[in-house]
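For the sequence shown, the numbering used here gives the first residue as 1, with consecutive numbering after it.
If you are wondering where the hints come from, they were derived from the structure by calculation, not from laboratory data. It is possible that part of the hints are untrue.
[Said to hold, decoys possible] Straight-line Cα separation of at most 30 angstroms, DSSO-like style, residue types lysine-lysine; simulated pairs:
1) Lys90 to Lys124
2) Lys45 to Lys126
3) Lys241 to Lys90
4) Lys140 to Lys90
5) Lys118 to Lys241
Computed from a predicted structure; not experimentally measured.
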Amino acid sequence: MMRSIERLVLVFMVFSAALAAMPAQDAAAPPGRAMTVAEVMAAAKPGEWRPLVPEDTLYLELASGRVIIELAPGFAPLHAANVSALAREKYYDGLAIIRVQDNYVVQWGDPDEENPAKARRIQKAKATLPAEFDRPFDDKIAFTPLPDGDVFAPEVGFCDGFPVARDRRAGRMWLAHSYGMVGAARGNAGDSGGGAQLYVVIGQAPRHLDRNITLLGRVVRGMELLSSLPRGAGAMGFYDKPEQMIPIRSIRVAADVPPAERTELEVLRTDSETFGRLIEARRNRREEWFLRPAGRIDLGIMTVPVRDGGKGAGA
Numbered sequence: 001m002m003r004s005i006e007r008l009v010l011v012f013m014v015f016s017a018a019l020a021a022m023p024a025q026d027a028a029a030p031p032g033r034a035m036t037v038a039e040v041m042a043a044a045k046p047g048e049w050r051p052l053v054p055e056d057t058l059y060l061e062l063a064s065g066r067v068i069i070e071l072a073p074g075f076a077p078l079h080a081a082n083v084s085a086l087a088r089e090k091y092y093d094g095l096a097i098i099r100v101q102d103n104y105v106v107q108w109g110d111p112d113e114e115n116p117a118k119a120r121r122i123q124k125a126k127a128t129l130p131a132e133f134d135r136p137f138d139d140k141i142a143f144t145p146l147p148d149g150d151v152f153a154p155e156v157g158f159c160d161g162f163p164v165a166r167d168r169r170a171g172r173m174w175l176a177h178s179y180g181m182v183g184a185a186r187g188n189a190g191d192s193g194g195g196a197q198l199y200v201v202i203g204q205a206p207r208h209l210d211r212n213i214t215l216l217g218r219v220v221r222g223m224e225l226l227s228s229l230p231r232g233a234g235a236m237g238f239y240d241k242p243e244q245m246i247p248i249r250s251i252r253v254a255a256d257v258p259p260a261e262r263t264e265l266e267v268l269r270t271d272s273e274t275f276g277r278l279i280e281a282r283r284n285r286r287e288e289w290f291l292r293p294a295g296r297i298d299l300g301i302m303t304v305p306v307r308d309g310g311k312g313a314g315a
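With the hints as extra help, turn the sequences into a complete structure.
Following this line, the structure appears as structure tokens:
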């Protein structure tokens, strides 16, 4: 009799633990069904969105339109400040996109950089900076983890909208190479870059680059203007003919652009309840098309929603 009671207690404990581990249901979803991505986003509260900070936002102007970049001074303060300084001295104006490597990166800078007689002069900004490949671990920085592990780091997740990897034991954390991330190109020496040449990830997340190049921001609007560019036929996707290069009209710090000419955007807070629900909705897609939810998600797949300021949300 006692053994039967003990078995019943054990079954009850296991069942209770399983219930506790199940994702919470929300009133926005029909009873008995988890929320879809669209339902999660429709239920987002106004306070869960944050505006871009104009001082930390860049406008890359191409003939095809505007690419909007959010800088990450919390992880690369020297590079973020230097890129803003380069933009303010109009260093990038009239330079070009010089490299488009399929499933990898778009890169821009001075096509004449290696020719001292023709190279664009940097005025007050720095040509090179100490590497900012990672930063000290800080538990006070809000971090929303992904639950399914990672090949490249003990923990991955999001800090203030940016994809981040962490190693608590080593005491370090760093920005991760995901689609749309912006980095400072460099030579062989770790401190040979400063932001005069920048690149954007346009393909499968090249995480092997993590902690080898300074990441300093991410594209939040206009990725289609970069990812659709003709691929370069030269080595590593560089354009081998000057006429193939894509001219850059200008790069401006948003704070320096008249308010009427700015693009007002809002980013879903990655420390919000809605973003936590969005992670689960994307791990287990419940839309009618999905016959078998994956039950997993990685850093390269999980994106952060951005919407026009004060207008309808998008996912």
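Q) Taking each numbered hint in turn, which are not upheld by the structure, reported in ascending numerical order? A) Checked against the structure, the hints that fail are numbers 2 and 4, while the rest are satisfied.
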